[in-house]
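Position one of the sequence shown corresponds to residue 113 (this note's numbering), numbered consecutively onward.
Mixed in with the good hints there might be a few duds.
[Claimed, not checked] List of simulated lysine to any residue pairs, SDA-like, C-alpha gap at most 25 Å: (1) Lys472 to Glu496; (2) Lys413 to Pro316; (3) Lys171 to Ile142; (4) Lys353 to Leu337; (5) Lys547 to Thr270; (6) Lys171 to Pro216; (7) Lys521 to Pro475; (8) Lys559 to Ser441; (9) Lys501 to Val429; (10) Lys269 to Leu293; (11) Lys452 to Asp504; (12) Lys547 to Leu562; (13) Lys559 to Tyr488; (14) Lys151 to Arg165; (15) Lys413 to Glu370; (16) Lys322 to Asp357; (17) Lys116 to Val303; (18) Lys116 to Leu146; (19) Lys485 to Val420.
[Unchecked claim] Pairwise CB distance ranges, derived in the manner of DEER restraints: (20) Val139 to Glu329: 49 to 59 Å; (21) Arg203 to Met280: 39 to 49 Å; (22) Pro560 to Ile289: 41 to 51 Å; (23) Glu329 to Glu487: 42 to 52 Å; (24) Asp373 to Val505: 30 to 40 Å; (25) Lys448 to Thr215: 50 to 60 Å.
Think of the hints as simulated: they come from the structure by calculation, not from any bench.
In this text, a Cβ means the ideal position worked out from N, Cα and C, and glycines have one as well.
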Amino acid sequence: MNVKVGFIVCGVHSEVKDALGRPMIDVKLIEDSLNSLRKAGLDVYRFGEVLSRSWEIEKAVEEFEKQNVDCIIFYVATWLWASEIWRAVRRLSIPTLIWCTPTPIGWATGGALVLHGALDEVGVKHRIVYGYPDEEETVRDILAFTRAAAVANRLKKTTLGLIGGYSMGAVTGSVDIAQVLSKFGVKIEHVDQYELIELAEAIPKEDVRKTYRELREKYERLPELDEVMERSIRLYIALKKLVSDRRYDVVAVKCFPELGDHYATACLAQSLLPDEGVVTSCIGDVNTALSAYILYLLSGKPTFNPDVQQIRKWENVVKLASDGAAPISLAENVKKVTLKRRGLPTEGAADGICVGFVCKPGPVTMLRLCRIKGEYFMHIATGEAFIPKDVDVALTECGFPHWPHAFVKLSGDLEKFIQNQRSEYISMCYGNYEKELIDLCYILDIKPLLDK
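Work out the full structure, taking the sequences as your base and the hints as a guide.
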């Protein structure tokens, strides 16, 4: 995700020297600060030199809004007059960050703190970061907030395709589409499952054979091209076409009972598409789709949307398992991934092709959006995915060893995890994005639920 940032240097002492004859603005420190952001991967746009008057600030803000930046950083270089800045910032719809270094020259610290207080007085959401550009924690804090701002900006341009409705009685996946638009800026479009089946049946037989040959080249363990495999492939091609034609950014699919009982489950489609940049969720669960999409925007990587299958309090381990779907790139060895019949007639009588593997080791972030009395909350958890020594035994415990699993050593308290988790589903990606998610909650007015 490319993050665009506007950079405004502000202060009133641009031409002034202190009693010792030193310039009150450290020009090199400003350049070092800019370079540290660019080196960290931010796309930084600077306006002017050192700005101090309201009309200068307003012109800069207007220019950055035209460039559709994700966040504006006010770099406080010396003492400033907050009254010259707060009106321009108050009319902004873009998240704002104040950055000040601890340098004693120029009295910038006081100016930054006054601006911080002034923005709070008029209700402007912002963060203040205090530190030098060569400090890892300083840059990390700035990156976290600007990335969160970029996610909030992307959500405002997101269209979510809901194919069917929610199922399995999982009311925690059902949403108020007006609330989702109001809170996240995400537009939800509803499509009937019949549309997906119509598209699937219209796919030429040769396209199915071609896709099957491609799968055969990638994976060693693949069932024959029978009716179940053919329909699973058809759903994959059809869902991919539907997403492309309607320009959906993310989809929630009601994969059963109707689709899975009378045609095929969508497990294969929902395992292949995430590695092609399409975020999906099962049983029409919109809150899972939104959770997964947020992690995808932050990480740029596929997300896993499993059930919380077992919580092992005695080991501080959460066992995750999906009933058939997972991005195949999350496997430690993609070649050894098993593709076979899903095999659960009570939930998908027509059957379908599922994938089977254990997710590779590494740091992970888990996320679940939920509502309490109609208000959104975000459960955030971090941990370390690992492969158990007795993995074959661990896979058999849930009764479906051929389904995708992940084993996570939780960083936080498992009792808090239990109290905070309000769905069978949780979304997982690799990497630690706790800071970004906490900042995103602040920007979106959502309360974070933390396990620590």
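Do the hints match the structure? See the list:
The straight-line distance between the Cα atoms of Lys472 and Glu496 is roughly 10 Å, inside the 25 Å bound, and the hint therefore holds. Between Lys413 and Pro316 the alpha-carbon distance is near 31 Å, which puts this suggested pair outside the 25 Å criterion. Between the alpha carbons of Lys171 and Ile142 the distance comes to roughly 21 Å, so the proposed pair stays at or under 25 Å and holds. This hinted pair checks out: Lys353 and Leu337 have alpha carbons roughly 21 Å apart, not beyond 25 Å.
Between Lys547 and Thr270 the alpha-carbon distance is near 23 Å, which keeps this suggested pair within the 25 Å criterion. With a C-alpha separation of about 29 Å, the suggested pairing of Lys171 with Pro216 is violated against the 25 Å cut-off. Of the supplied pair hints, the one linking Lys521 and Pro475 holds, its CA atoms being roughly 9 Å apart against a limit of 25 Å. For a cut-off of 25 Å, the pair hint linking Lys559 to Ser441 is broken: about 32 Å separates their Cα positions.
Our distance criterion of 25 Å between C-alpha atoms is met by Lys501 and Val429, whose separation comes to about 14 Å. Our distance criterion of 25 Å between C-alpha atoms is met by Lys269 and Leu293, whose separation comes to about 10 Å. For a cut-off of 25 Å, the pair hint linking Lys452 to Asp504 stands: about 17 Å separates their Cα positions. With a CA separation close to 11 Å, the supplied pair Lys547 and Leu562 stays within the 25 Å bound.
About 7 Å separates the Cα atoms of Lys559 and Tyr488, which keeps this hinted pair within 25 Å; it holds. At most 25 Å may separate the alpha-carbon atoms for a hinted pair to count; Lys151 and Arg165 exceed this at roughly 30 Å. Annotation: proposed proximity of Lys413 to Glu370 is violated, straight-line Cα distance about 31 Å (limit 25 Å). Distance restraint check for Lys322 and Asp357: the Cα-Cα separation of roughly 21 Å lies within the 25 Å cut-off, and the hinted pair is therefore satisfied.
This hinted pair does not check out: Lys116 and Val303 have alpha carbons roughly 34 Å apart, beyond 25 Å. A distance of roughly 13 Å separates the Cα atoms of Lys116 and Leu146; the hinted pair therefore holds under the 25 Å criterion. The straight-line distance between the Cα atoms of Lys485 and Val420 is roughly 23 Å, inside the 25 Å bound, and the hint therefore holds. Distance hint for Val139 and Glu329: a CB-CB separation of about 58 Å, consistent with the stated range 49 to 59 Å.
Separated by about 46 Å at the C-beta atoms, Arg203 and Met280 satisfy the suggested range of 39 to 49 Å. For the hinted restraint 41 to 51 Å between Pro560 and Ile289, the CB-CB distance of approximately 24 Å leaves it violated. Between Glu329 and Glu487, the C-beta spacing of about 49 Å keeps the proposed range 42 to 52 Å intact. Checking the proposed 30 to 40 Å range against Asp373 and Val505 shows it holds: the Cβ atoms sit about 32 Å from each other.
Against the hinted window of 50 to 60 Å, the Cβ-Cβ separation of Lys448 and Thr215 comes to about 55 Å, which satisfies the hint.
The structure fails to meet hints 2, 6, 8, 14, 15, 17, 22 from the earlier list, while all remaining hints are met.
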